[in-house]
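All chains, please: the whole structure from these sequences, using the hints.
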Amino acid sequence: MTGTPQIEFSDVDKHYGSFHALKSIDLTIPKGQFVALVGPSGCGKSTLLRSIAGLEKISSGTIRIAGQTVNDIPPRKRDLAMVFQSYALYPHMNVRDNLTYALRLKGIAKDERAKAADDVAKIIGLEGLLDRKPKELSGGQRQRVAMGRAIIRQPKAFLFDEPLSNLDASLRVRMRKEIRALHDRIGSTSVYVTHDQIEAMTMADHVVVMQAGVIEQQGPPLELYERPVNRFVAGFIGSPAMNFVDATVTDDGTKVVLELQSKPTIAIAGQLEPGRKVTAGLRPEHIETGDPSAQDMAPIMIGAAEATGATTYLFSDDDPELIIVTDGANLIKQGETVGFSIAPERVHLFDPGSGRALTQSGG
Amino acid sequence: MNRLMTSLRDGIGFDTLLIFAALAYLMAFAGLPLIYNIIISFQQVDMFSLGSLFHQAVGFENYAAVFHDPLAWRVLVNTVVFTLASVFFQFTIGFAFALFFNQKFPGATWFRGLFLAGWVMPGLVVGVLWNWLLSGDFGVINYVLLSLGLISEPIFWRSDVDYSLIAVILANIWYGMPFNMILLAVGLAAIPDDLYEAAELDGANAVQRFFTITLPMMRATIGAVLALGIIFTLQQFDLFAAITSGGPAGSSTVAQYWSWQLSFREFDFGRGAVISVIMIIVVLGVSAIYVRSTRAETRL
Amino acid sequence: MNDRARNIALFAVALVLAGIYLFPLYWMYVTSLKTNSSIFAVPPEFLPGTPQWQTYALIWDEANIPRYIFNSLFIATGVTLVTAVVGSGAAYVLARYRNLWIDVALFVILMLQVLPPSLMVTPIFVAFSSVGLLDYPRIATILAISAKTMPFFVILCRAAFMTIPRELEEAALVDGNSRAGALFMVVLPLARNGILVAAILIFMQGFGEYVYSTSLIADNRLQPASIGMTNFLQPNVVTWNAIMAFAATYVTPILALFVLLQRNIVSGLTSGALK
Chain A
171 MTGTPQIEFS
181 DVDKHYGSFH
191 ALKSIDLTIP
201 KGQFVALVGP
211 SGCGKSTLLR
221 SIAGLEKISS
231 GTIRIAGQTV
241 NDIPPRKRDL
251 AMVFQSYALY
261 PHMNVRDNLT
271 YALRLKGIAK
281 DERAKAADDV
291 AKIIGLEGLL
301 DRKPKELSGG
311 QRQRVAMGRA
321 IIRQPKAFLF
331 DEPLSNLDAS
341 LRVRMRKEIR
351 ALHDRIGSTS
361 VYVTHDQIEA
371 MTMADHVVVM
381 QAGVIEQQGP
391 PLELYERPVN
401 RFVAGFIGSP
411 AMNFVDATVT
421 DDGTKVVLEL
431 QSKPTIAIAG
441 QLEPGRKVTA
451 GLRPEHIETG
461 DPSAQDMAPI
471 MIGAAEATGA
481 TTYLFSDDDP
491 ELIIVTDGAN
501 LIKQGETVGF
511 SIAPERVHLF
521 DPGSGRALTQ
531 SGG
Chain B
55 MNRLMTSLRD
65 GIGFDTLLIF
75 AALAYLMAFA
85 GLPLIYNIII
95 SFQQVDMFSL
105 GSLFHQAVGF
115 ENYAAVFHDP
125 LAWRVLVNTV
135 VFTLASVFFQ
145 FTIGFAFALF
155 FNQKFPGATW
165 FRGLFLAGWV
175 MPGLVVGVLW
185 NWLLSGDFGV
195 INYVLLSLGL
205 ISEPIFWRSD
215 VDYSLIAVIL
225 ANIWYGMPFN
235 MILLAVGLAA
245 IPDDLYEAAE
255 LDGANAVQRF
265 FTITLPMMRA
275 TIGAVLALGI
285 IFTLQQFDLF
295 AAITSGGPAG
305 SSTVAQYWSW
315 QLSFREFDFG
325 RGAVISVIMI
335 IVVLGVSAIY
345 VRSTRAETRL
Chain C
4 MNDRARNIAL
14 FAVALVLAGI
24 YLFPLYWMYV
34 TSLKTNSSIF
44 AVPPEFLPGT
54 PQWQTYALIW
64 DEANIPRYIF
74 NSLFIATGVT
84 LVTAVVGSGA
94 AYVLARYRNL
104 WIDVALFVIL
114 MLQVLPPSLM
124 VTPIFVAFSS
134 VGLLDYPRIA
144 TILAISAKTM
154 PFFVILCRAA
164 FMTIPRELEE
174 AALVDGNSRA
184 GALFMVVLPL
194 ARNGILVAAI
204 LIFMQGFGEY
214 VYSTSLIADN
224 RLQPASIGMT
234 NFLQPNVVTW
244 NAIMAFAATY
254 VTPILALFVL
264 LQRNIVSGLT
274 SGALK
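Line by line, the protein sequences are chains A, B and C. The numbering used here numbers the first residue of the first sequence as 171 and each following residue consecutively. The numbering used here numbers the first residue of the second sequence as 55 and each following residue consecutively. The numbering used here numbers the first residue of the third sequence as 4 and each following residue consecutively.
Mixed in with the good hints there might be a few duds.
[Unchecked claim] Restraint ranges, calculated between C-beta atoms of paired labels, are given here:
| id | chain 1 | residue 1 | chain 2 | residue 2 | range |
| --- | --- | --- | --- | --- | --- |
| 1 | C | D106 | B | D123 | 38 to 46 angstroms |
| 2 | B | F264 | C | A12 | 14 to 22 angstroms |
| 3 | B | T266 | A | M471 | 52 to 60 angstroms |
| 4 | C | Y32 | B | E254 | 39 to 47 angstroms |
| 5 | A | D521 | B | E251 | 50 to 58 angstroms |
| 6 | B | E254 | A | A411 | 40 to 48 angstroms |
| 7 | C | R9 | B | L200 | 33 to 41 angstroms |
| 8 | C | T38 | B | L202 | 24 to 32 angstroms |
| 9 | B | A243 | A | P261 | 20 to 28 angstroms |
| 10 | A | E393 | B | E251 | 56 to 64 angstroms |
| 11 | A | G523 | B | E251 | 52 to 60 angstroms |
| 12 | C | V241 | A | P261 | 57 to 65 angstroms |
| 13 | C | L84 | A | I368 | 55 to 63 angstroms |
[To be verified] Here are a few chain B residues that sit away from chain A, every Cβ distance over 10 angstroms (derived from the structure):
| id | residue |
| --- | --- |
| 14 | F74 |
| 15 | W127 |
| 16 | T133 |
| 17 | N156 |
| 18 | D256 |
Note that these hints are calculated values from the structure, not bench results. By construction, the Cβ of each residue, glycine as well, lies at the ideal position given by its N, Cα and C atoms.
As structure tokens, this is what we get:
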């Protein structure tokens with residue numbers, strides 16, 4: 171990551187009574203970047219965001235915003251804008267007053283505020299709705315007001331707390347693009363919390379994956395996809411999730427035998443200690459299917475097939491099953507035996523105990 | 055100092071200030087009197103010693119005097135009878151009304167709300183109304199009972215030692231019933247309709263549905279309503295003041311009225327405090343049980 | 004039985020039940036409009052003859068009604084102000100947090116709600132008289148009643164505050180409010196209805212209060228209407244029409260307020276009372 175740091179965490183901890191919500195977090199968010207915090211619920215991503223805003227007090231460590239330590243600075247003096255999951259629009263104010271509330275608190279004159287509201291309404295497409303109360307708006311419109319309330323200021327950063335989770339699927343896809351476009355246009359720093367890894371992957375420059383109060387891995391989206399550092403990140407990023415199969419390294423150390431019914435052997439990149447137990451990670455979309463009798467193809471029995479048109483999901487007759495994503499034109503049926511293969515460099519290997527990715531020597 | 059101001063403006067100091075303002079107020083005007091009450095129950099306090107905060111200590115003399123008072127036993131029985139009879143009838147009548155208005159017909163909720171008109175009235179006015187209704191020679195209630203042939207001669211409700219307590223109980227049932235009804239109605243409304251439909255499909259008739267669905271589902275509400283009924287009944291004072299003044303001959307005196315009489319009619323504040331201390335322990339005991347049980351139910 | 008017949012039958016029963024229950028109120032108004040002799044008619048006259056409105060005019064001056072009502076309003080207003088100003092903040096804090104200390108505070112407040120005034124008045128009277136507060140009897144009465152009404156107000160208002168999403172307040176903080184600013188500009192306006200209903204219930208209690216008033220206010224000129232009524236109610240009283248006129252003058256404003264706000268009062272009451 172490059173650029174001047176806008177938000178920095180150093181060795182931040184947060185306890186709620188005996189619950190350890192954030193565990194020695196170190197994170198630097200450069201100016202102008204769009205950073206997504208992603209993880210399962212309860213992983214600490216919202217706590218992290220709220221401690222940037224000052225809505226949670228951290229137990230130890232330092233948070234700096236634009237170089238200034240903000241540990242003891244109240245939310246109102248941090249100059250940040252936040253979009254809440256429920257939008258948190260003030261029900262007793264109309265859209266204009268909602269948009270300009272922060273400006274009013276700053277003491278900005280009324281006509282100047284009105285002009286700012288008009289400008290923002292144009293940007294987010296809310297002209298004509300300024301006199302309405304929040305309850306008279308649709309879900310999508312409310313979401314836009316919440317966005318407008320953030321961009322009407324020039325804050326040091328935008329904070330998003332799962333802002334799209336209350337929208338229906340098609341609107342969510344559209345708003346994803348709009349939020350990213352707004353970010354690029356304003357050139358602001360954004361921190362975006364979501365539990366949806368697709369949102370994180372598609373919107374962010376930099377993705378931070380969290381679990382149980384710990385940052386598991388951070389980096390550009392594709393790096394997380396291609397080089398997950400552990401089994402948790404590998405399983406969390408990507409949809410459908412990566413297949414994990416117990417495996418044993420062969421005598422020459424360049425192949426593994428998968429613990430499936432047909433005991434298939436696949437090649438790996440590099441070399442591992444012969445006889446070692448590993449967990450092999452195979453992304454469903456990286457598995458090729460073909461004639462089971464062909465060379466380099468391992469046979470596998472299909473337990474179920476779900477055709478969605480564009481793609482077909484195959485489930486092997488194993489426990490746990492192996493999921494394969496194939497082209498929709500592939501007419502494979504339940505009970506058939508097919509051949510499968512995967513490129514050696516696309517096979518991920520993890521230590522079964524620690525879950526850490528194994529660096530393969532040589533190759 | 056600066057930190058304090060910051061905390062008051064932006065931090066936990068703000069909440070602390072707000073909650074402590076209320077707690078300090080309650081401490082001054084309820085908590086301290088509670089403690090002071092115990093102190094003066096061991097002191098000789100009359101009109102002449104009122105001016106000073108501390109008075110001559112007399113040990114358990116006030117307690118002994120109260121327990122040996124010829125009225126004590128009568129007051130104890132009256133208090134128990136008044137409380138149980140009031141709560142029982144307020145509850146059963148209130149429950150019957152709640153069940154009736156729980157049936158869906160036009161205006162049901164509106165009618166139900168109308169009954170609270172009794173509950174919002176000042177207790178003293180309710181007492182005065184019932185004083186008139188229960189009048190011996192010209193009271194409407196006697197007239198109705200005589201016309202229906204239920205009694206053969208007028209009952210002197212307020213001045214007959216056998217009826218004076220009943221007179222206050224009647225007024226109290228009227229006064230407290232609506233509150234019981236409303237709380238029970240809320241509990242009834244919270245029972246999902248499909249439970250009744252399922253029970254009906256399982257072959258339960260209306261009576262069986264009441265005993266197998268309604269009552270078990272209402273357990274928490276019923277407990278709360280009975281506890282609140284006892285608590286409110288032990289607070290009742292105005293009706294006694296307006297209907298019988300505890301008389302005749304103490305026949306309708308209950309503990310909370312006796313305590314006041316000793317203090318403000320006989321100006322023996324020490325003995326008034328004795329009864330006050332005892333009754334407050336009873337009331338707090340009942341409430342503590344109630345609060346604890348509701349907390350278990352609702353994880354308050 | 005079809006639905007229509009059932010509804011009509013139930014409606015009729017409801018009408019009869021409400022009629023019986025509200026008869027004492029009817030009887031108050033009817034008696035107040037009768038002549039001195041017809042109140043003692045046997046059998047009682049259930050319908051009023053010529054309404055004797057002059058009874059109201061008569062007692063208005065003779066029974067000092069303006070003075071009594073003024074004192075009742077004075078006490079009720081004072082009680083409502085003290086209770087609302089001190090109690091609202093506590094209700095807000097109790098709604099906002101959830102921890103052991105809050106539970107303890109809530110328990111203390113619930114316990115203070117149940118203390119019977121006729122028992123608390125003894126220590127309060129002795130203490131107030133020794134510290135000189137009884138020189139200001141109406142203020143003393145307001146302070147004593149408020150300690151009784153505050154717990155109830157806090158419980159009702161807490162229920163109102165709990166319905167306001169915490170995120171709204173947080174949004175206000177991020178937008179630049181101090182804690183007090185967020186409370187006054189966002190939270191209080193949204194909780195307005197609940198607070199108003201609770202305040203009205205407290206006002207009604209203050210308006211009809213008797214125990215503290217009669218024990219702490221010795222000066223007849225400072226006493227509220229509840230005591231005014233008992234002054235009327237001497238043994239062997241005969242002027243029931245005048246007493247009922249006094250009662251009607253006293254409670255009609257309360258009943259009017261109740262009819263006007265019935266819906267809000269019922270829902271406000273039930274939201275707080277059982278929690």
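- Hint check, failures only: Per hint list: zero violations.
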